[in-house]
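Protein chains in written order, with UniProt numbering: chain A, 1 to 195; chain B, 1 to 182.
For the record, the hints were derived by calculation from the structure and aren't laboratory data.
All C-beta atoms, glycine included, are put in the ideal place defined by N, C-alpha and C.
Be aware that one or more of the hints could be misleading.
Okay, the calculated beta carbon distance ranges per label pair [unchecked claim]:
(1) Gln6/A / Val137/B: 26 to 32 Å
(2) Gln10/A / Gln154/B: 44 to 50 Å
(3) Asp146/A / Lys79/B: 34 to 40 Å
(4) Glu96/B / Glu167/A: 35 to 41 Å
Pulled a few chain A residues facing chain B out of the computed Cβ check, cut under 8 Å [stated by the list, open to error]:
(5) Glu45
(6) Ile49
(7) Ser64
(8) Arg171
Covered stretches of chain B, going by a simulated chain A footprint (3 or more residues, C-beta under 8 Å) [unchecked claim]:
(9) 32-41
(10) 132-142
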Amino acid sequence: MEVVGQLQKQYVDFITSLFREAYLDDQYVQLQKLQDDSNPEFVVEVVSIFFEDSEKLLNDLASSLLVSISLFWVFILCLRPSLLLMVVLFFLLFLFQLYSQQQVVDFKKVDGYVHQFKGSSSSVGAQRVKNACVTLRNFCEEKNLDGCSRYLNLVKQEFYLVKNKLETLLRMEQQILQAGGTVPLLEQVPLLWKQ
Amino acid sequence: MVMDQEMGRYPSSSSSSSSSGAPNLHVLAVDDSHVDRKVIEKLLKISCCKVTAVESGKRALQYLGLDGDKSPVEFDGLKVNLIMTDYSMPGMTGYELLKEIKGSSRLREIPVVIMSSENILGRIDRCMEEGAEEFLVKPVQLSDVRRLTDFILQGDEDRQKVGSSKRKLWDVPRSWFTTSCS
């Protein structure tokens, strides 16, 4: 049973650090408490759905911030203009693209995606992802494309970080169970870390 | 920090099977988020409710027979005791769904609860004015669901005794709330 004890201690240390660094918040503990014998894989299932949905949302977000006017380039090539004319047209198009990005991005749509992401990350207790989404939404409201792009990268980063942590956490739980032990449950996240 | 070590994978909450003939509420949960649907379904099952979870207001109306295709009598067997809906949904919002339900003579008595991740006062007021029973801020907790189900069950009992009466959730004395699944 010493192996189990060691695994349990490692688990507690790890999950405690996740709370301390705000990767996870109390909502994750609430999910663990909902799990019972009738559905022993509940947390794994919820977390898996979260991962799947998030990947899709991140893709949707990335493409909604991108303005594709590549069709114009194709059109120009089809015109078969002289080389000089082609260079001039490309240059003009480049300038137009820089200008139009600001007007053409549908910030309402982007905001919708971020709202969804904020919701699902909040529901699994992924606090840092949720907080990054809140800031990203502010940039959307300001229609700040540059801010949105930068913060989307941060949201993405935070998501992959917490995904990694959660996968490790769930793996540690499996190891404890396989060694014949039970997973220790934090009764509550210490007030100090609650935000 | 208190650690709890019990049998099973995690210390388990109360059993999800109901005891001695207590009526099982049928709850219709509406949410476009797959994660939230999964969580609310679990919260309701633990609280001894039968759950039907749908992903949009449109689907909810279809289920309730409000889309004009089915006649009311076909839905007797699927009587819904409570509707819990997310506020922000693409297409039809929870507020619009609430209006549709309260606008139907057949369905307006069904309590509707709105859930939202945003605690916006104007939004809350609008929903309550339109007849929502309660406005829950997400993430929804087990205590919220238990309070709701106890309220609905108590309301049903009262209605049988004294006839129909509309009472709001916050009028009910705290002492009436039980925490067991019975």
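To see whether the hints hold, each was checked on the structure:
no.: 1; hint: Gln6/A / Val137/B: 26 to 32 Å; verdict: violated, 40 Å
no.: 2; hint: Gln10/A / Gln154/B: 44 to 50 Å; verdict: holds, 47 Å
no.: 3; hint: Asp146/A / Lys79/B: 34 to 40 Å; verdict: violated, 54 Å
no.: 4; hint: Glu96/B / Glu167/A: 35 to 41 Å; verdict: holds, 39 Å
no.: 5; hint: Glu45; verdict: holds, 7 Å
no.: 6; hint: Ile49; verdict: holds, 5 Å
no.: 7; hint: Ser64; verdict: violated, 14 Å
no.: 8; hint: Arg171; verdict: violated, 14 Å
no.: 9; hint: 32-41; verdict: holds (count 7)
no.: 10; hint: 132-142; verdict: holds (count 4)
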